[in-house]
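For chain A, the structure is supplied; the task is to place chain B on it using the hints.
Protein chains: 2
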Amino acid sequence: MKLYVVGLGPGDQADMTVRALGALAESELIVGYEGYIRLIQDRFPGKQFLSTPMRQEVDRCRTALQEAASGKTVSMVCSGDAGIYGMAGLLYQLAEEYPPVWIQVIPGITAACSGAALLGAPLANDFVTISLSDLLTPWETIERRLRAAAAGDFCLAIYNPASHGRPDTLQRACDILLETYSPKTPAGVVQNVGRDGEGYLVMTLEELREFPADMLTTAFVGNSTTQIIAGRMVTPRGYQRA
Amino acid sequence: MKLYVVGLGPGDQADMTVRALGALAESELIVGYEGYIRLIQDRFPGKQFLSTPMRQEVDRCRTALQEAASGKTVSMVCSGDAGIYGMAGLLYQLAEEYPPVWIQVIPGITAACSGAALLGAPLANDFVTISLSDLLTPWETIERRLRAAAAGDFCLAIYNPASHGRPDTLQRACDILLETYSPKTPAGVVQNVGRDGEGYLVMTLEELREFPADMLTTAFVGNSTTQIIAGRMVTPRGYQRA
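Which chain is which? The protein sequence lines are A and B, in order.
The first sequence begins at 1 in the working numbering and counts up one residue at a time.
The second sequence begins at 1001 in the working numbering and counts up one residue at a time.
These are calculated hints, taken from the structure and not from any lab test.
C-beta atoms are modelled at their ideal positions from N, C-alpha and C, and glycine is treated no differently.
Any given hint could turn out to be false.
Quick partial rundown of chain B residues pointing at chain A, CB under 8 Å, derived from the structure [claimed, not checked]:
no.	residue
1	D1015
2	D1081
3	I1084
4	P1107
5	C1113
6	A1116
7	L1123
8	V1128
9	I1130
10	A1148
11	A1230
12	G1238
Simulated restraints on C-beta separations [said to hold, decoys possible]:
no.	chain 1	residue 1	chain 2	residue 2	range
13	B	E1096	A	G71	52 to 60 Å
14	A	R172	B	G1046	54 to 62 Å
15	A	N192	B	E1026	23 to 31 Å
16	A	F49	B	E1097	46 to 54 Å
17	B	E1026	A	E207	32 to 40 Å
The following block holds chain A by itself, in its conformation from the complex (with noise of 0.2 Å):
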């Protein structure tokens, strides 16, 4: 009858929470993408697992609903946080065809988070989260919010920035963003974030364009007051002017 909606945090088992790890603890099923599920699943022996492939949303959603409809508690887990581009918001539009199920979405660190943490503190004052998948949100509606973005001098938190049927999203919201944002502007990208080949990289606005980023890849770009100071990426907040 209950369903956990469960953020992982970037990959390490050390960035979840106490509560997602006893939420998965008190599952008797854990559901996921299968490349989430590996994350988990030798710190759970003897778990039920069930894992779908990519782009298999709706199904995997309908799937955890059914067991916990049928009376199973059942975890659904998300890799970073489970809201932001996660599970929830599916199931909870789901959820209405399966009425006794309880769900509890339980949060976890996202991207924008993590990655901020290993470049310095990009997102210290007002930011954007923005997906570049278009297969999700049309391309017009990204260039747009790219484009509002700039305007109210926002730094930017860039999910999905690339894949291999999408190379150039990346460049071409650089692009957009250098119609307002100075070629200098500091920037950043973080790759396997809490797993083998974790890395960062500070530069400039003008050097992300010309970045390789793929699906684990998120990308950061600063505002007008960005620095960087000591190789780290930093917004000033205003406090030394408070």
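Below, chain B without anything else, positioned relative to chain A:
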């Protein structure tokens, strides 16, 4: 020599990560705003604690850096995340004066994530995080950013919506959003997340305008696609379209 900047999450120790708990256990000295020290003090008996009142951020950071420079392992604690409206930025700015200190930022669950988890899934698509505190950002910049957020049809997580000294900032922010967004746009508030008196309320943008927010409130505004489903605020992401 080591300074951890630790995000405590919303307030309940269950929402801390394993890594954050480990950093505090490893530290000889834990520094922070007195309200945050109170949240963790009883879990770490025998530690040295140093708390300062609000608005003394620069002094608090200098103390932490000095103690770390003198050879101690120190944690600076922040509520929510360590970087998002946290102390990580200011510490990097000041750290150049304390060269031997090695800073590590340990992310935590920020209010956008913990609040969204209570309300449903209001931030399941692109969103803006904005603070209404005009102590640290000029109000004209805040207004410009609110207009930009509305121009991009972004969802919003609004930090520091009001305080004793500025009781009307949430109202003024809603008025700006209402220039573009429908008065019936789903909105919500959370209060005292992870603490006594935790609660959430789903409403409309015109109702949010009248809401008596305080310092322990985080406000959320949906975009043109956000729905209220079974009393929760849900922004679809397009999985059913893909």
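Against the structure, the hints come out as follows:
For D1015 of chain B, the interface hint holds, since its Cβ comes within 8 Å of a Cβ in chain A; the closest pair sits about 5 Å apart. About 5 Å separates the beta-carbon of D1081 of chain B from the nearest beta-carbon of chain A, less than 8 Å, and the hint is met. Contact between I1084 of chain B and chain A, as hinted, is supported at the beta carbon level, the nearest pair being about 5 Å apart and thus within 8 Å. The interface hint given for P1107 of chain B holds, since its Cβ lies 4 Å from the closest Cβ of chain A, which is under the 8 Å cut-off.
Below 8 Å, beta-carbon pairs count as interface contacts, and C1113 of chain B has one with chain A at about 4 Å; its hint therefore holds. Of the supplied interface hints, the one on A1116 of chain B holds, with its beta-carbon coming within about 5 Å of a beta-carbon of chain A, less than 8 Å. Below 8 Å, beta-carbon pairs count as interface contacts, and L1123 of chain B has one with chain A at about 5 Å; its hint therefore holds. Interface restraint check for V1128 of chain B: the shortest CB-CB distance to chain A comes to about 5 Å, inside 8 Å, so the restraint holds.
With 8 Å as the threshold, the beta carbon of I1130 of chain B comes within range of chain A, its nearest partner Cβ sitting at about 5 Å, so the hint holds. Interface hint at A1148 of chain B: satisfied, since its Cβ lies 3 Å from the closest Cβ of chain A, which is below the 8 Å cut-off. Hint status for A1230 of chain B: holds, given a least beta-carbon distance of 7 Å to chain A, under 8 Å. Of the supplied interface hints, the one on G1238 of chain B holds, with its beta-carbon coming within about 4 Å of a beta-carbon of chain A, less than 8 Å.
Checked against the hint of 52 to 60 Å, the C-beta distance between E1096 of chain B and G71 of chain A comes to roughly 59 Å, which is consistent with it. Between R172 of chain A and G1046 of chain B, the C-beta spacing of about 55 Å keeps the proposed range 54 to 62 Å intact. Taken as a hint, the range 23 to 31 Å holds for the pair N192 of chain A and E1026 of chain B, whose Cβ atoms sit roughly 25 Å apart. Remark: the range hint 46 to 54 Å for F49 of chain A to E1097 of chain B is upheld by a beta-carbon distance near 51 Å.
The supplied range of 32 to 40 Å is met by E1026 of chain B and E207 of chain A, whose beta-carbon atoms lie about 36 Å from each other.
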